[in-house]
Amino acid sequence: MDMRFTPDELAFRDQVRAFLQTELDPELARKVRLHQHLTKDDMEGWHAKLHARGWLAGNWPTEFGGAGWTAIQRHIFEEESALAHAPRIVPFGIAMLGPVLQKFGSREQQDHWLPRILNGDDWWCQGYSEPGAGSDLAGLRCRAERQGDHYVVNGQKTWTTLGQYANMIFCLVRTSTEGKKQEGISFLLIDMTTPGVTVRPIVLLDGTAEVNEVFFDDVRVPAENLVGEENQGWTYAKYLLTHERTNIAGVGFATAALDNLHRVARAQIHRGRPLAEDPVFASEIAAVEIELMAMSTTNLRMLSAAAQGQAPGIESSMLKIKGTQIRQRLDALTRRAYGGHALALPATGNEGQPQDADEVLAATATWLNNRKLSIYGGSNEIQRGIIAGALAKG
Amino acid sequence: MDFQLSDDHRMLQDSLRGILTRHTGEGLWPALAEAGVIAALLTEDEGGFDGSGAAVALIFQELGRAGAALPLIPTMIAGAALAQAGHEVPEGTVLAFADAEPGTRYDRGVAIRADGDSLTGRKTMVAGAEDAAAILVTTADALWLVQPGAPGLTLRGYPMMDGQRGADLILEATPATRLGALSDFGRPLARGVLAHSAHALGTITAAVDLTLDYLKQRKQFGQPLISFQALAHRAADLAVEVEQARSAVVNLSGHLTADASLRDRHLQACKVTLGRVARLVAEESVQLHGGIGMTEEYALAGMVRRLMTADTAMGDADWHLDRFARGEPAWA
Ligand SMILES: Cc1cc2nc3c(=O)[nH]c(=O)nc-3n(C[C@H](O)[C@H](O)[C@H](O)COP(=O)(O)OP(=O)(O)OC[C@H]3O[C@@H](n4cnc5c(N)ncnc54)[C@H](O)[C@@H]3O)c2cc1C
Numbered sequence: 040m041d042m043r044f045t046p047d048e049l050a051f052r053d054q055v056r057a058f059l060q061t062e063l064d065p066e067l068a069r070k071v072r073l074h075q076h077l078t079k080d081d082m083e084g085w086h087a088k089l090h091a092r093g094w095l096a097g098n099w100p101t102e103f104g105g106a107g108w109t110a111i112q113r114h115i116f117e118e119e120s121a122l123a124h125a126p127r128i129v130p131f132g133i134a135m136l137g138p139v140l141q142k143f144g145s146r147e148q149q150d151h152w153l154p155r156i157l158n159g160d161d162w163w164c165q166g167y168s169e170p171g172a173g174s175d176l177a178g179l180r181c182r183a184e185r186q187g188d189h190y191v192v193n194g195q196k197t198w199t200t201l202g203q204y205a206n207m208i209f210c211l212v213r214t215s216t217e218g219k220k221q222e223g224i225s226f227l228l229i230d231m232t233t234p235g236v237t238v239r240p241i242v243l244l245d246g247t248a249e250v251n252e253v254f255f256d257d258v259r260v261p262a263e264n265l266v267g268e269e270n271q272g273w274t275y276a277k278y279l280l281t282h283e284r285t286n287i288a289g290v291g292f293a294t295a296a297l298d299n300l301h302r303v304a305r306a307q308i309h310r311g312r313p314l315a316e317d318p319v320f321a322s323e324i325a326a327v328e329i330e331l332m333a334m335s336t337t338n339l340r341m342l343s344a345a346a347q348g349q350a351p352g353i354e355s356s357m358l359k360i361k362g363t364q365i366r367q368r369l370d371a372l373t374r375r376a377y378g379g380h381a382l383a384l385p386a387t388g389n390e391g392q393p394q395d396a397d398e399v400l401a402a403t404a405t406w407l408n409n410r411k412l413s414i415y416g417g418s419n420e421i422q423r424g425i426i427a428g429a430l431a432k433g
Numbered sequence: 074m075d076f077q078l079s080d081d082h083r084m085l086q087d088s089l090r091g092i093l094t095r096h097t098g099e100g101l102w103p104a105l106a107e108a109g110v111i112a113a114l115l116t117e118d119e120g121g122f123d124g125s126g127a128a129v130a131l132i133f134q135e136l137g138r139a140g141a142a143l144p145l146i147p148t149m150i151a152g153a154a155l156a157q158a159g160h161e162v163p164e165g166t167v168l169a170f171a172d173a174e175p176g177t178r179y180d181r182g183v184a185i186r187a188d189g190d191s192l193t194g195r196k197t198m199v200a201g202a203e204d205a206a207a208i209l210v211t212t213a214d215a216l217w218l219v220q221p222g223a224p225g226l227t228l229r230g231y232p233m234m235d236g237q238r239g240a241d242l243i244l245e246a247t248p249a250t251r252l253g254a255l256s257d258f259g260r261p262l263a264r265g266v267l268a269h270s271a272h273a274l275g276t277i278t279a280a281v282d283l284t285l286d287y288l289k290q291r292k293q294f295g296q297p298l299i300s301f302q303a304l305a306h307r308a309a310d311l312a313v314e315v316e317q318a319r320s321a322v323v324n325l326s327g328h329l330t331a332d333a334s335l336r337d338r339h340l341q342a343c344k345v346t347l348g349r350v351a352r353l354v355a356e357e358s359v360q361l362h363g364g365i366g367m368t369e370e371y372a373l374a375g376m377v378r379r380l381m382t383a384d385t386a387m388g389d390a391d392w393h394l395d396r397f398a399r400g401e402p403a404w405a
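Protein chains in written order, with the working numbering: chain A, 40 to 433; chain B, 74 to 405.
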């Protein structure tokens, strides 16, 4: 056993740090740190810088234009990026669709879509969930009917993150109602500029509209946009859920949140002294820090097992639960650290805000927004079900 | 022992419920004033006609359930404090209570100081300040009265989490009248904590009811969510905590006029319990709803933000737990 990074990994970390130092605009980093609205340009600009360096798709093999990083390199990149408050890479094209096309797409699809993801020609969003199909994703009803060389799509998707910026959506659609519900689902790529597609924003608790409803009304999709085989979409969707999940634990985000909490606790006055000196509050912070120390290593252990070819199983479910619990605890403690002056509403536009309150408002907005961590990507209850199911079988 | 409402209080409750179904927004304050609900928050000595723990608890619980966002709590605290100090209480209007300070959790006098008969510094999160006929301001150890148009006073308004408007107060050698030592105003402040706690209890019950309804109605995997034991048990835990919260409110309302040390222990216990249950209910009700629980359009959103406010106002659970453990009075 050796818990140290290898010299190569350390050299890689230095490269990442140097890159972040020179390329990340401090004003952009400030917006990320303060949970402020990022424009489409902000995100695309960051993607372009990473792409120019060949680092946009760390998870893709080099043959597809990716960086071909090891799991440990990806971990290093994600952790350093989070600590520097770089925008996170929008996952839908890079982390989600890319690997599916690489594994199940046709040669033509790979040649056409993958470069467009990298160079920013397409912005993808994920059309899985529907009003009636959340945790029970296989219950989805959005229909695609084959008519000649097209599919005609009717139905609704919802919770579509950043769909307002997207020109393309990858959807799970129902192509058959026979047999098991998982067996009638297909994976379809839909151009959102096609007539019949309507996008409606959903405002969330924190006042932002990062998710949308997407409606399909007789939308004609070329049959060549079907990925893999008809009615096999569930297999591809599951592949996506078990692979490509190195960052599911969010170690970097948690570490950045812990740093921030320490800073806030040193600045806030409690009983005439910095809050950080209060033994009760300090031990609450310490308890989360200790959890994070263990989880970080769980994360690395699982990454290195995967690197040695072990198939990922319930590990990603475990990391999802523990990772989101830790982040939500950190968010709650940060808000608590502010005490009586954390009552103002974030994201109020021009209705005013308290003086010098950017950081307090960020803490409130983060608390509100990060409720999503334990809901999306398979809720924590669904993850517990997966773990329990595997334990019961084993 | 008798935990039932008196006949008078039952009537008050009925009329309040009626008003809350008929009025929202602008019309609510005048309707409450006309029905005597606002006067019921003060004792006869203070120019009202009730002011008992039972009345305060019942009124704010109903307001919390209905999601009413009015600066009634500061109006009540300030009214009671002004009366106690022998000042006239402006009638039918909003009064403000400026307590929180930037840069500190709940210490007083960090961002503000008194100099003779004037105050300099900052207060923040002052509900209703923009409309107030009088503003009461705390310093390290005293309570002050500041007139809204006083020289050197600047207000900077903004929306707050609970749907009200608040403001920062910036005071530069602003003339102020000292009403007395803060420690002399234990009762008005305790009534304020009771009001916040009862309001939180109302919100808590509304959020838990909404969540239970949703669990019964929403189906996934062909079954109502409540049929999944993992979720049903969490709903059961919430129901248990709601009763704890209810009893903590009863404890404080029953000891509002007890001697200071007993009253303060109940005050602290009440705020600790309500703060913790409010946080739990905020987190769990969103989680049990799934995505819909995070949307602004759905009724839960406002409740969740009010629950976060409930813990934070007038000392959160951490603050009061600490003082309870040390055997300290509620306010220095
Ligand atoms: C901010 C945000 C962004 C999102 N982005 C996207 C996106 O880009 N694309 C997309 O397709 N989807 C997206 N989602 C949707 C997300 O995946 C779903 O919200 C999630 O799958 C849960 O579904 P639901 O909201 O319908 O809740 P439900 O499935 O109705 O669940 C409600 C509650 O019941 C629990 N539950 C359900 N079934 C069981 C069970 N069998 N046992 C125990 N507990 C159970 C859940 O854990 C939850 O607590 C997003 C959601 C959010 C909140």
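The reader is advised that the hints may include incorrect statements.
Claimed, not checked - EDC-like, lysine to aspartate or glutamate: derived pairs with alpha carbons at most 20 Å apart: (1) B:292 - A:420; (2) B:289 - A:330; (3) B:289 - A:175.
What the hints assert, rightly or not - Listed below are several chain B residues computed to face chain A (Cβ distance under 8 Å; list not exhaustive): (4) 220; (5) 239; (6) 286; (7) 287; (8) 290; (9) 303; (10) 359; (11) 374; (12) 389; (13) 391; (14) 397.
Derived by calculation from the structure, the hints in this document are not laboratory data.
Where is the CB? At the ideal position from N, CA and C, for every residue including glycine.
Status of each hint after checking the structure:
Pair hint residue 292 of chain B plus residue 420 of chain A holds up; C-alpha atoms about 15 Å apart against a cutoff of 20 Å. The hinted pair formed by residue 289 of chain B and residue 330 of chain A fails the criterion: a straight-line CA distance of about 35 Å is larger than 20 Å. About 16 Å separates the Cα atoms of residue 289 of chain B and residue 175 of chain A, which keeps this hinted pair within 20 Å; it holds. Using the Cβ-Cβ criterion of 8 Å, the hint placing residue 220 of chain B at the interface with chain A is not satisfied: the shortest such distance is roughly 22 Å.
Hint status for residue 239 of chain B relative to chain A: holds, with the closest Cβ pair at about 7 Å, below 8 Å. The criterion of a C-beta within 8 Å of any C-beta in chain A is not met by residue 286 of chain B, whose closest approach is roughly 17 Å, and the hint is violated. Below 8 Å, beta-carbon pairs count as interface contacts, and residue 287 of chain B has none with chain A, the closest being about 12 Å; its hint is therefore violated. At about 12 Å, the closest approach between the beta carbon of residue 290 of chain B and any beta carbon in chain A exceeds 8 Å, and the interface hint on this residue is violated.
At its closest, the beta carbon of residue 303 of chain B sits 6 Å from a beta carbon of chain A; the interface hint therefore holds under the 8 Å criterion. The beta carbon of residue 359 of chain B is positioned within 8 Å of a beta carbon in chain A (closest approach about 5 Å), and the interface hint is therefore held. Against a cut-off of 8 Å between C-beta atoms, the interface hint on residue 374 of chain B holds, since the closest Cβ of chain A lies about 5 Å away. The criterion of a C-beta within 8 Å of any C-beta in chain A is met by residue 389 of chain B, whose closest approach is roughly 6 Å, and the hint holds.
For residue 391 of chain B, the shortest C-beta to C-beta distance to chain A is roughly 6 Å, which falls under 8 Å, so the interface hint holds. Taking 8 Å as the C-beta cut-off, the interface hint given for residue 397 of chain B is violated, the closest approach to chain A being about 12 Å.
Violated hints, listed in ascending order, are 2, 4, 6, 7, 8, 14; each of the other numbered hints is respected by the structure.
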